[in-house]
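Chains as they are written, first to last, in this note's numbering: chain A, 2 to 214; chain B, 15 to 82.
Source of the hints: derived by calculation from the structure; they are not laboratory data.
Cβ coordinates follow ideal geometry from the N, Cα and C atoms, glycine included.
Among the clues, some could well be false.
Partner residues aside, some chain B positions facing chain A, computed with beta carbon under 7 Å [to be verified]:
| id | residue |
| --- | --- |
| 1 | G42 |
| 2 | V43 |
| 3 | R44 |
| 4 | T47 |
| 5 | I49 |
| 6 | E52 |
| 7 | Y56 |
| 8 | S59 |
When the alpha-carbon atoms are kept at most 30 Å apart in a straight line, the in silico BS3-like pairs for lysine-lysine are as follows [to be verified]:
| id | chain 1 | residue 1 | chain 2 | residue 2 |
| --- | --- | --- | --- | --- |
| 9 | A | K53 | B | K55 |
| 10 | A | K136 | B | K55 |
| 11 | A | K53 | A | K133 |
What follows is a list of derived Cβ distance ranges for each label pair [stated by the list, open to error]:
| id | chain 1 | residue 1 | chain 2 | residue 2 | range |
| --- | --- | --- | --- | --- | --- |
| 12 | A | I13 | B | T73 | 21 to 29 Å |
| 13 | B | E25 | A | V20 | 52 to 60 Å |
| 14 | A | I21 | B | S59 | 54 to 62 Å |
| 15 | A | I21 | B | H64 | 50 to 58 Å |
| 16 | A | K207 | B | E25 | 49 to 57 Å |
| 17 | A | L155 | B | I74 | 33 to 41 Å |
| 18 | A | I13 | B | M19 | 41 to 49 Å |
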Amino acid sequence: MKTKRLLLAVAITALVVAVILISLEAYYVAIALITGALIIGHRELWSLIRRKRLPPIDERVRENTSKAIRNGFIFFALATAFLMLPFSVRLIETPDTVHVLGGLFLSGGMVYLVSYLFYDRAEPGLGEKGLKMLKIFLMVAGISLGAFIISVFLHNAIYGLFIVWFGEDFWDRIGVGDEPVFFFIALLSIVALAVGIIGSLVMFIKGLFSKPL
Amino acid sequence: MGIRMKTRIKEYRAKHNLTQEKLAEMVGVRRETIIFLEQGKYNPSLKLAHNVARALKTTIDEIFIFDE
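With the rest of the complex left out, here is chain B (with noise of 0.2 Å):
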């Protein structure tokens, strides 16, 4: 079985005011990249998760959760 991501990047995004862009900019990558992780379809390295994590000022855990 599969183990399902799910990611809280839109309201912590929300919650710091930040747009797609602005975020994508902050950690260096991609407005799509930024896209696919808020829907849990790219699974990210950990030194991107860790760069998003900061971004929003919480931890990899805060905003990565994993469905089993």
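The shape of chain A in the complex, shown without the other chains (with noise of 0.2 Å):
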């Protein structure tokens, strides 16, 4: 009972944010805090539906949701700062890159949250491969977002350190124009961050639709 209460305040809520969200054209943060609200409710949604007991959440559940919890919100964490950090310095002035670029990160953290929240129900299905699969998925995911993060950083401080020590003209002079080294380290670290969030979620559902080994 105080579960479905629960489960109804949180869903009139998200329903009531993702609407003025949505009025804002914030469509990207509606998608995940509606996803957000599915994730957490997706036990109690599933049994009404299937109108069956709920799994209890037993010790294993436990652990694992709260190291879940606590990996979703660092990640979380890093990709909103770094959403607010073009914001803040201007360092990126067109609107829609920041849409896409927040979108691909927000899908990132979503895969990541879900991988985990459900990875008790994936993993037996998975055998060792499998798992060794998603996890150098992950990693692949989680790796290149840092590696992104450190080049946007670096690609625009060397650009600007560069003009102030060698004059306005010196990416002119040399005849690139910008700097190449980081700002195609940046673009490979988004294919890979694309693959990894990709892979995952393949590996993901494989594992939760096969049958446990």
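The task is to assemble the complex, starting from two chains supplied on their own in separate frames and drawing on the hints.
Here it is in structure tokens:
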């Protein structure tokens, strides 16, 4: 009874906030919020749909969930901090770029959170090889996020510092126009992040729908 | 060096004609937890180990074996 009331409260709050966010054209945040609410209430929703009693939250699930929530919050804190950076120091002036990157990071965060929350259900079906692959994809996603943040910072820092040290036309003089190395690493990181996100999602779904080994 | 844990839960479960689902229900955990225990991938609390042993009508050291 307590859980159902809590679910209802979360659902109504999420819906109201999502409507406000959509009216403000913050679509990615609204999608993230709705997905988050579905993740929190998935057990109750599923039991309501199937009219089945909820599986118990045992000691192993409690351990996994607390780990998942802690790691998920760290990921979202990093992603949010990064997303706020371009706005606060005006590094990126085109809002579209920010929105695309925001979507990518939020979907990464979602995959990360979902993988951990449902980990206990997906793991038995994956086997050792599948599990290794899932961990590799999650690591690729995490590392490329870090690499992207560092490369963007270094790209802009080096671009600016070299102008200060060697003159305003330095980059045109050497014929590249912009700092190329970290720009390239940042682009590669985005590709790696996408690969990590898609790969872990595929492995996770595979584990969820396979029979336990 | 770590200590490896093996379990004989599967063997005892078959002996008592219990499914993973039924055993999970008896000890108040999810079926997935029983799968992890059988595979030796989850280190249970003393209370859970006791409950599993009791449900299988045996002792803890009979079903949880530690290799050093």
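Now the hints, each set against the structure:
{"no.": "1", "hint": "G42", "in the structure": "6 Å, holds"}
{"no.": "2", "hint": "V43", "in the structure": "4 Å, holds"}
{"no.": "3", "hint": "R44", "in the structure": "5 Å, holds"}
{"no.": "4", "hint": "T47", "in the structure": "5 Å, holds"}
{"no.": "5", "hint": "I49", "in the structure": "5 Å, holds"}
{"no.": "6", "hint": "E52", "in the structure": "10 Å, violated"}
{"no.": "7", "hint": "Y56", "in the structure": "6 Å, holds"}
{"no.": "8", "hint": "S59", "in the structure": "6 Å, holds"}
{"no.": "9", "hint": "K53/A <-> K55/B", "in the structure": "28 Å, holds"}
{"no.": "10", "hint": "K136/A <-> K55/B", "in the structure": "16 Å, holds"}
{"no.": "11", "hint": "K53/A <-> K133/A", "in the structure": "33 Å, violated"}
{"no.": "12", "hint": "I13/A <-> T73/B: 21 to 29 Å", "in the structure": "51 Å, violated"}
{"no.": "13", "hint": "E25/B <-> V20/A: 52 to 60 Å", "in the structure": "56 Å, holds"}
{"no.": "14", "hint": "I21/A <-> S59/B: 54 to 62 Å", "in the structure": "44 Å, violated"}
{"no.": "15", "hint": "I21/A <-> H64/B: 50 to 58 Å", "in the structure": "51 Å, holds"}
{"no.": "16", "hint": "K207/A <-> E25/B: 49 to 57 Å", "in the structure": "30 Å, violated"}
{"no.": "17", "hint": "L155/A <-> I74/B: 33 to 41 Å", "in the structure": "56 Å, violated"}
{"no.": "18", "hint": "I13/A <-> M19/B: 41 to 49 Å", "in the structure": "46 Å, holds"}
In summary, the numbered hints that this structure violates are 6, 11, 12, 14, 16 and 17.
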